[in-house]
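Trainee: Here's the letter readout for the chains.
There are 4 protein chains.
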Amino acid sequence: MSGLPIDPDLVARHNAPRARALAEDYDALGSRLARGGVDIDAVTARVAAFTVAVPSWGVGTGGTRFARFPGPGEPRGVFQKLDDCAVIQQLGRATPAVSLHIPWDEAPAAELRGHAEALGLAFDAMNSNTFQDHPGDARHPLSYKFGSLSHNDPAVRAQAVAHNVHCIRIGEALGSKALTVWIGDGSNFPGQSHMGRAFERYLASMEEIYAALPEGWRLFSEHKMYEPAFYSTVVQDWGTSLLAAQSLGPKAACLVDLGHHAPNVNIEMIVSRLAHAGKLGGFHFNDSRYGDDDLDAGSIDPFRLFLVFNELVDLDGPGFAPAYMIDQSHNVSDPIESLIRSADEIRRAYAQALLVDRAALEAFQGANDALMASETLKAGFRADVGPILARARADAGGAIDPVAAYRASAYRARVAAERPAAQGGGGGIT
Amino acid sequence: MSGLPIDPDLVARHNAPRARALAEDYDALGSRLARGGVDIDAVTARVAAFTVAVPSWGVGTGGTRFARFPGPGEPRGVFQKLDDCAVIQQLGRATPAVSLHIPWDEAPAAELRGHAEALGLAFDAMNSNTFQDHPGDARHPLSYKFGSLSHNDPAVRAQAVAHNVHCIRIGEALGSKALTVWIGDGSNFPGQSHMGRAFERYLASMEEIYAALPEGWRLFSEHKMYEPAFYSTVVQDWGTSLLAAQSLGPKAACLVDLGHHAPNVNIEMIVSRLAHAGKLGGFHFNDSRYGDDDLDAGSIDPFRLFLVFNELVDLDGPGFAPAYMIDQSHNVSDPIESLIRSADEIRRAYAQALLVDRAALEAFQGANDALMASETLKAGFRADVGPILARARADAGGAIDPVAAYRASAYRARVAAERPAAQGGGGGIT
Amino acid sequence: MSGLPIDPDLVARHNAPRARALAEDYDALGSRLARGGVDIDAVTARVAAFTVAVPSWGVGTGGTRFARFPGPGEPRGVFQKLDDCAVIQQLGRATPAVSLHIPWDEAPAAELRGHAEALGLAFDAMNSNTFQDHPGDARHPLSYKFGSLSHNDPAVRAQAVAHNVHCIRIGEALGSKALTVWIGDGSNFPGQSHMGRAFERYLASMEEIYAALPEGWRLFSEHKMYEPAFYSTVVQDWGTSLLAAQSLGPKAACLVDLGHHAPNVNIEMIVSRLAHAGKLGGFHFNDSRYGDDDLDAGSIDPFRLFLVFNELVDLDGPGFAPAYMIDQSHNVSDPIESLIRSADEIRRAYAQALLVDRAALEAFQGANDALMASETLKAGFRADVGPILARARADAGGAIDPVAAYRASAYRARVAAERPAAQGGGGGIT
Amino acid sequence: MSGLPIDPDLVARHNAPRARALAEDYDALGSRLARGGVDIDAVTARVAAFTVAVPSWGVGTGGTRFARFPGPGEPRGVFQKLDDCAVIQQLGRATPAVSLHIPWDEAPAAELRGHAEALGLAFDAMNSNTFQDHPGDARHPLSYKFGSLSHNDPAVRAQAVAHNVHCIRIGEALGSKALTVWIGDGSNFPGQSHMGRAFERYLASMEEIYAALPEGWRLFSEHKMYEPAFYSTVVQDWGTSLLAAQSLGPKAACLVDLGHHAPNVNIEMIVSRLAHAGKLGGFHFNDSRYGDDDLDAGSIDPFRLFLVFNELVDLDGPGFAPAYMIDQSHNVSDPIESLIRSADEIRRAYAQALLVDRAALEAFQGANDALMASETLKAGFRADVGPILARARADAGGAIDPVAAYRASAYRARVAAERPAAQGGGGGIT
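Chains as they are written, first to last, in full-length UniProt numbering: chain A, 1 to 430; chain B, 1 to 430; chain C, 1 to 430; chain D, 1 to 430.
Check the hints yourself; a few may be wrong.
[To be verified] Per the computed footprint, the stretches of chain C lying under chain D, defined by three or more beta-carbons under 8 Å from a beta-carbon of chain D, are:
# : region
1 : 59–66
2 : 164–178
3 : 226–233
4 : 368–374
[Said to hold, decoys possible] Below, a list of computed lysine to any residue pairs in the SDA-like style, where the Cα atoms sit at most 25 Å apart:
#  : chain 1 : residue 1 : chain 2 : residue 2
5  : B       : K145      : C       : D369
6  : C       : K251      : C       : G175
7  : D       : K279      : A       : K145
8  : A       : K145      : B       : Q159
9  : B       : K279      : C       : E418
10 : A       : K251      : A       : E215
11 : C       : K251      : C       : E222
12 : B       : K279      : B       : E200
13 : D       : K145      : D       : R197
14 : D       : K145      : C       : E418
15 : B       : K145      : C       : K251
16 : B       : K279      : C       : D369
17 : C       : K177      : C       : S247
18 : C       : K145      : B       : N368
19 : B       : K145      : A       : G196
20 : B       : K177      : B       : D153
21 : A       : K145      : D       : D316
22 : D       : K145      : D       : G114
23 : B       : K251      : B       : L203
24 : D       : K177      : D       : G366
25 : C       : K145      : B       : Q159
26 : D       : K145      : C       : G317
In short, the hints are calculated from the structure, not lab data.
Using N, Cα and C, we set each Cβ at its ideal position, and we do this for glycine too.
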């Protein structure tokens, strides 16, 4: 495949009959916002400038430990994954970069770079997989069954460190500027692991990785409460992630995945606290109700997503540049569609947060006017910013209704014919 | 393999040097209990009579959606699984029956029955798998991706019903007396499924299965809060399970898996309420901290397990006969060892509950003496009943220290040499 | 006070300068909805017909066990509470009825009725307080420290039953048609209470109350996971509430308080299940993040409130008539303002649910099109229905911006001058 | 009152008939432990040396926002509270120090010191109350309704700072060496408070308090997830508490209250992480199932308490000296009895942790032998260490069965006759 995966004419034909309604809705919203002194076009411009990376692994159908039910036309290999990512970007115009996972996406760098450039894509943060064994991969003769960077065997730790350095090297060749480290290390039973020493081993391994970072790179430590370990996890919450980032140095910062927290935790406050500590590195966006459900961003609790962006807009300023990435598992939907709408939901939350009247909010906060402060914030959330999102897409060459355009393109049927079918079956429990 | 999998002489040699210490500890505990009017031998006899079924799928190494790390000598097929179950029973003497999962354990009934009888094993409740697709299985041409018994396509529902009836028929041939139905049906997004109609379809399917139950059989409906579905689950809690069991009739009852509840839920109260409703069907024992972690029973919250057994001992009487089964996933331990100790932990909780002075407890409850009621209950829990458990095992031909005896037997090394190694790798997410 | 508490001219003067913007926004929304075949005026009419009861206890400042910080002009006695409720109704036009709590609101029925009628208010469900002692109240010589309807002392149970019957009699005189029973009965320690017998005592007490119900009345059993009891609660979840309602008879049904559930529980599914069982009695609306936080409806998770209303709109039809009530604690805001906006938020969720294209939704569900089903549902939620809510209020004589109108009226300053100040200080822990 | 509150002869008469059984049980346990190379007397000596402070506020009956049900003979004022604390210490011999709360316990320091010394009591960490208003207290003219140390009004912050400094000065006069700061500051609604600025104000206030610390003092920051604030809390988790302690300096450390965490959180890991960071300041012991339930230590999840002590024993060494305090609310039991048994439960967990074979544990951890590591840890927990606890008490002059001795003393009836009865009634909600 070369060039854009969807015929641009199709997009234009898709947009034409929708343009008038969009113009009406955009104008009506613009009039309403103007009454409050807000210039809708300025908001649209900021929304258009906001982008979020998509994960290469997100374009395949996900699964649970019980089963994986493949969809048609799943990508085989990283080049097909990039093709699918290009569809998402072409129609949604919010996702110009892809985040790779190694060794899943191992391939010659020049070919990768060439393929991506032809598709108009760049590469975001690299991800290292040391939570699975890689049978047949000469770089991974040792098992990660009992951990990786915190393993009690120095040889396993060295292997895991080397793999992370390897990921950095690949990333350098691809133009990436960051490495995200998520490990599954932990224990299933009280006593299985010495929690203090495991953390010390983790820190020592991370120091080696940190030392290998090129100039201008960042290292993200990602915490998660549980899974795959079910009693203790080495980097279990933002406090531990913070300790690690503090210990490593200025290139290290914390990555917040929205689904990696204990029940009821106030995530937007963690965002605020990490920013206070100078250690807010970035995000893995998704949504969840129970655990690390990895559902489409904004699909379960859109107000929570808005509250995170409320902090981000508040924190915005010179030098504030967290990394924005999606990390989801698409088990029952077409991954391309889920990623298109997730990027859209993320932009929606951003647009709503931009509409908050911050001067009024600050005044109500200063007066302890809890009700009006709350209402001022919600006024942003209540705004139906769909026209702003569509306008930003359309102006950039994307589709007014990108899922509809995608379906009209028959892209899925086309690749299903080209790509061999995967076999479903059991997940981890069988 | 025929006869017992471990040389009985080995067990005897293992027990001999441990007999004296056991006798001392047993006598000391007996003296202490006698002071309170409790006959330790009577307790031991009741403990010895208590058994719990092991799951055929539990003797293989489990995994998560991230990875599965196989152990050595994993059983290939149901006959090897039975061999492993026989080890558990021979050394622990608490698990004389095995619960099968179909189609995983599909095999000619006569052969199964013969193999089990030679090993001294019987068959407990049957389990039907309609949460995975079974490629290549002619009985399952249709996918369960979007549900099984509650699927909106009547053909899928019919296939799932037929499979459950098939499981009943196998169970009849094997001497089983119950079918456990757990489905993964649900939805990942609000709106994906009509929650009311999905439940109605589930009930209609269950009615068909119910109608196929032989005389003397029971049908267990098992609820679970979430996973594999991450927004809604058709049978999500005991209230829904109760509605189903009420609707179906007297052969239907509810099965309580200890890991299938919302955070903080008081499970022993659910036991009490289901018993009140006449619908307490049985248990899937395991332990968990976060979700359906499927860890070894009693390993995370042993007091909770005790509180469940406190209810069971209190409820015990003519006609009270819940089904007791283990349902665990052994990701980091030898499954045989985990099942041996889990059965032991379950008996431990039972023994502790038997030691509760119920007359005193009732008196304190009647006097609203919260502190002494609480202390009376905990007195049972605090008792170190290890000597009772060991005595019950040893008297029945088992091992005083069954894990040590198992390791001494070198059974795992033997089967590892005989059985081909499994390949590890990704779970559902790759 | 007689007649409306706020000068109607003030409302008119408040509305006049806001009318034009409202008309513009209403027309713009109407045009957009019309494109999808929806008649905005029909939606507005349904919204205007939807009402929710306010709690008499909600107009006083709430508190926690740590402290209560009174606000100015708090009502002294039920007549002043009714005055405050009349303000809420006059400006918001969504809350024409008040729910009383006895003995807090004990007063001669004729006076109560007269006062309410003069204010344009009616009486909704009665509530009985048996979770506190009432020193000096001759009807309550015995303490509820260890329970009420489930107490192990028959004399306490009889006192609690008698009080509930007393509440019914008051309700009859006031035109109420329902009794809501919420008890705090439970235990703080495992062993303190026999969970099974406590439930049986509760049922026996409820049967006596049920027997005293007049024709046409309903009895609501309200569950709550915990608090004030911290280990077990007699009516802890909807399953137990369902058992009670089933056992009592057709006049009994379950009341769902949105804050009374375990973490992560899917409340809209409980709504669906109770409706299936014919036992959905009604709601106590509020919002919460951690426990029974009793915050303003829709302030924490507005999408959850929408999902509940999505079920209600779906279930709507002949004979479907749950009771809708607010139950909140206003610790940091003016209670009148919080109740005005909470009623508005409830109507907002209702309006959004009315906008869902149910034919399209059903088609997507039938096709297992998870993404489009999800998007179809969210399209309703994303709509900014503020103009519909304002139009419904204004057409009924209420205020376009009711909180602003309330502030302009200086009602709070007026009653603060008339009513003695309350003293703050400790909550339950001092 | 002067001298010990209970006649020492009564204790001796209580112990005499129990001595023989204790000796038997102690010897039996000693024999068993000796088999594993453990000297029971050495364990008993360490247990006897372990003490925990009791809270002055814990000897009054607690309550919830719904109600407080007073018990007989509740202490009026700090001197009577000290009398009750002396009973706890005399019979249990584990609680020689009392933690005061100011202004609740405000009294002339010399009198306080004299009264305590006569009772054999000392003073532990001071606690400052800025979560309630103190009407009539000239030091607190301003309200804490909207916060204290983080309030947006500098005058309120100054008042709260001054009160904390005042607490330090009182503590100096009493021989205390630490100040614990817990504030209720936070917000109930998104938007009500600017989370970042509130934290900055908190830090600035804490710096002023820190500057007032005498030589040798420690300052404990205590986090809590929620309550009394129900949306955001300024010091919501250990991460934020750590940031504060890091920012303040070496005298500042974090205090872990066992009930202040999100559901499912692994508290023992937080202990490990804070120790790693050099910021583990101390504990507030209690137990809970749902929220900050403040139940008796070890009554709900005794294994969790053990796991915390497993970390503490592991961390123990030169310079390791966290502060151990109980913080509970006794709503349904006699507070003296609850505190006696809570201190006993805490020592039980400590004794069990001392019994863990740490060399074996470390070897199993090093071999990734998850099962035997887990079993090695649980072997400590399973030990019935009651005889060790009783021996430690009796040898120090306490009671073998302290609750029974307390009841035999009729202390409660005596003080009930002397102290006026409190009136029950509503909590914060009325």
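Trainee: So, for every hint listed, does it hold in this structure?
Mentor: Here is what the structure says about each hint:
{"no.": "1", "hint": "59–66", "in the structure": "holds (count 6)"}
{"no.": "2", "hint": "164–178", "in the structure": "violated (count 0)"}
{"no.": "3", "hint": "226–233", "in the structure": "holds (count 5)"}
{"no.": "4", "hint": "368–374", "in the structure": "violated (count 0)"}
{"no.": "5", "hint": "K145(B) to D369(C)", "in the structure": "12 Å, holds"}
{"no.": "6", "hint": "K251(C) to G175(C)", "in the structure": "17 Å, holds"}
{"no.": "7", "hint": "K279(D) to K145(A)", "in the structure": "32 Å, violated"}
{"no.": "8", "hint": "K145(A) to Q159(B)", "in the structure": "38 Å, violated"}
{"no.": "9", "hint": "K279(B) to E418(C)", "in the structure": "59 Å, violated"}
{"no.": "10", "hint": "K251(A) to E215(A)", "in the structure": "9 Å, holds"}
{"no.": "11", "hint": "K251(C) to E222(C)", "in the structure": "14 Å, holds"}
{"no.": "12", "hint": "K279(B) to E200(B)", "in the structure": "20 Å, holds"}
{"no.": "13", "hint": "K145(D) to R197(D)", "in the structure": "18 Å, holds"}
{"no.": "14", "hint": "K145(D) to E418(C)", "in the structure": "23 Å, holds"}
{"no.": "15", "hint": "K145(B) to K251(C)", "in the structure": "41 Å, violated"}
{"no.": "16", "hint": "K279(B) to D369(C)", "in the structure": "36 Å, violated"}
{"no.": "17", "hint": "K177(C) to S247(C)", "in the structure": "21 Å, holds"}
{"no.": "18", "hint": "K145(C) to N368(B)", "in the structure": "10 Å, holds"}
{"no.": "19", "hint": "K145(B) to G196(A)", "in the structure": "42 Å, violated"}
{"no.": "20", "hint": "K177(B) to D153(B)", "in the structure": "30 Å, violated"}
{"no.": "21", "hint": "K145(A) to D316(D)", "in the structure": "31 Å, violated"}
{"no.": "22", "hint": "K145(D) to G114(D)", "in the structure": "36 Å, violated"}
{"no.": "23", "hint": "K251(B) to L203(B)", "in the structure": "14 Å, holds"}
{"no.": "24", "hint": "K177(D) to G366(D)", "in the structure": "40 Å, violated"}
{"no.": "25", "hint": "K145(C) to Q159(B)", "in the structure": "56 Å, violated"}
{"no.": "26", "hint": "K145(D) to G317(C)", "in the structure": "46 Å, violated"}
Of the numbered hints given earlier, the model fails hints 2, 4, 7, 8, 9, 15, 16, 19, 20, 21, 22, 24, 25 and 26; all others are met.
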